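A.B. asks: Kindly produce the complete structure, drawing on both the sequences and the hints.
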Amino acid sequence: GENVEQHPSTLSVQEGDSAVIKCTYSDSASNYFPWYKQELGKRPQLIIDIRSNVGEKKDQRIAVTLNKTAKHFSLHITETQPEDSAVYFCAASQRGGATNKLIFGTGTLLAVQP
Amino acid sequence: GAVVSQHPSRVICKSGTSVKIECRSLDFQATTMFWYRQFPKQSLMLMATSNEGSKATYEQGVEKDKFLINHASLTLSTLTVTSAHPEDSSFYICSAVQGLGEQYFGPGTRLTVT
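Just so you know, the protein sequences line up as chains X and B, in that order.
Here the numbering used here runs 4 ahead of the position in the first sequence, where the first position is 1.
Here the numbering used here runs 1311 ahead of the position in the second sequence, where the first position is 1.
Check the hints yourself; a few may be wrong.
[Claimed, not checked] With a cut-off of at most 25 angstroms between alpha-carbon atoms, the simulated SDA-like pairs for lysine to any residue come out as follows: (1) X:K62 x B:F1350; (2) X:K62 x B:D1399; (3) X:K26 x B:F1350; (4) X:K46 x B:E1370; (5) X:K46 x B:V1314; (6) X:K75 x X:Q18; (7) X:K46 x B:T1389.
[Claimed, not checked] Facing chain B, a subset of chain X residues (Cβ under 10 angstroms, in silico): (8) Q42; (9) I51; (10) I52; (11) D53; (12) R55.
[As the list claims (entries may be wrong)] Here are the in silico distance ranges between beta carbons for each label pair: (13) B:G1364 x X:K61: 31 to 39 angstroms; (14) X:K62 x B:N1381: 29 to 37 angstroms; (15) B:S1394 x X:E83: 26 to 34 angstroms; (16) X:R65 x B:N1381: 38 to 46 angstroms; (17) X:G59 x B:T1391: 38 to 46 angstroms; (18) X:G59 x B:S1320: 17 to 25 angstroms; (19) B:A1313 x X:K61: 16 to 24 angstroms; (20) X:S22 x B:G1364: 43 to 51 angstroms.
In short, the hints are calculated from the structure, not lab data.
Bear in mind the structure is a predicted one, so any value in this text is a computation, not a measurement.
All C-beta atoms in this analysis are idealised placements derived from N, C-alpha and C, irrespective of residue type, glycine included.
C.D. replies: Here's what the structure looks like:
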């Protein structure tokens, strides 16, 4: 089955700096890669996603890149703000597959220092 | 976005008792619901996939007789933790999907077994 690895586990940046979180996946059949932000004790919230037919997607300060050949995808947050502090999870899925289930990475605790 | 609710939000029970958690999609019909468990500072681990009117599909290592899932309608799935023990204490989160669309997460249920 699918296995998703995520690095780093913790990331501390100064306000205004950029943050990059990287994930790798194992199943070449995966074709949908969402990123979630989760605050303590709250539900995960979808912040951006990318499908396998696209190499990059951007939404204001957030961007995601995908390298299908290497099975890597990354989240880039620019001009970080203290309110970006949270745990971020990547995930992989087979949209259009039998189950559409998400396999999550291990998470990255992002701390943005004011 | 779509709204998914969970009830209760927090529950404390004694060891050996059973606890039922409800997951409802409030404004759409969920053909599939997923149940996840999240231990402190860890990732979301998929427990099972639940399709309306059929038996749930459990992930490897998840005991189906301990974690009973019933997807009785297109808007309701329940997870019953039977004979709960302290090691079952966790944050349980459901998500709901209409067709092969985006997963919408519930707010989670914090279970503490004493």
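A.B. asks: Report holds or violated for the interface hint on I52 of chain X, using the least CB-CB distance to chain B and a cut-off of 10 angstroms.
C.D. replies: Violated - the Cβ of I52 of chain X stays beyond 10 angstroms from chain B, reaching only about 12 angstroms at its closest.
A.B. asks: Going straight from one Cα to the other, do K46 of chain X and T1389 of chain B come out at no more than 25 angstroms?
C.D. replies: At roughly 20 angstroms apart (the allowed maximum being 25 angstroms), T1389 of chain B and K46 of chain X satisfy the hint.
A.B. asks: Honestly, do G59 of chain X and S1320 of chain B meet the 17 to 25 angstroms range at C-beta?
C.D. replies: 40 angstroms, violated
A.B. asks: At the C-beta level, are A1313 of chain B and K61 of chain X separated by a distance inside 16 to 24 angstroms?
C.D. replies: Holds, at about 22 angstroms.
A.B. asks: With a cut-off of 10 angstroms on the beta carbons, see whether I51 of chain X makes it to chain B.
C.D. replies: 12 angstroms, violated
A.B. asks: Measure nothing beyond the straight line between the CA atoms of K46 of chain X and E1370 of chain B; if it is 25 angstroms or shorter, mark the hint as holding.
C.D. replies: Judged against 25 angstroms, a Cα distance of about 24 angstroms means the pair holds.
A.B. asks: Grab the minimum C-beta distance from Q42 of chain X to chain B and call the hint holds if it beats 10 angstroms, violated otherwise.
C.D. replies: 8 angstroms, holds
A.B. asks: CB of S22 of chain X to CB of G1364 of chain B, is that within 43 to 51 angstroms?
C.D. replies: 48 angstroms, holds
A.B. asks: Is the Cα-Cα distance between K46 of chain X and V1314 of chain B 25 angstroms or less?
C.D. replies: 14 angstroms, holds
A.B. asks: Looking only at beta-carbon atoms, does the pair S1394 of chain B, E83 of chain X fall within the given range of 26 to 34 angstroms?
C.D. replies: 51 angstroms, violated
A.B. asks: Taken at face value, is the distance from the CA of Q18 of chain X to the CA of K75 of chain X at most 25 angstroms?
C.D. replies: 29 angstroms, violated
A.B. asks: Range first: 38 to 46 angstroms. Now tell me if the beta carbons of R65 of chain X and N1381 of chain B are that far apart.
C.D. replies: 42 angstroms, holds
Hint violations for this structure: numbers 1, 2, 6, 9, 10, 12, 14, 15 and 18, all remaining hints satisfied.
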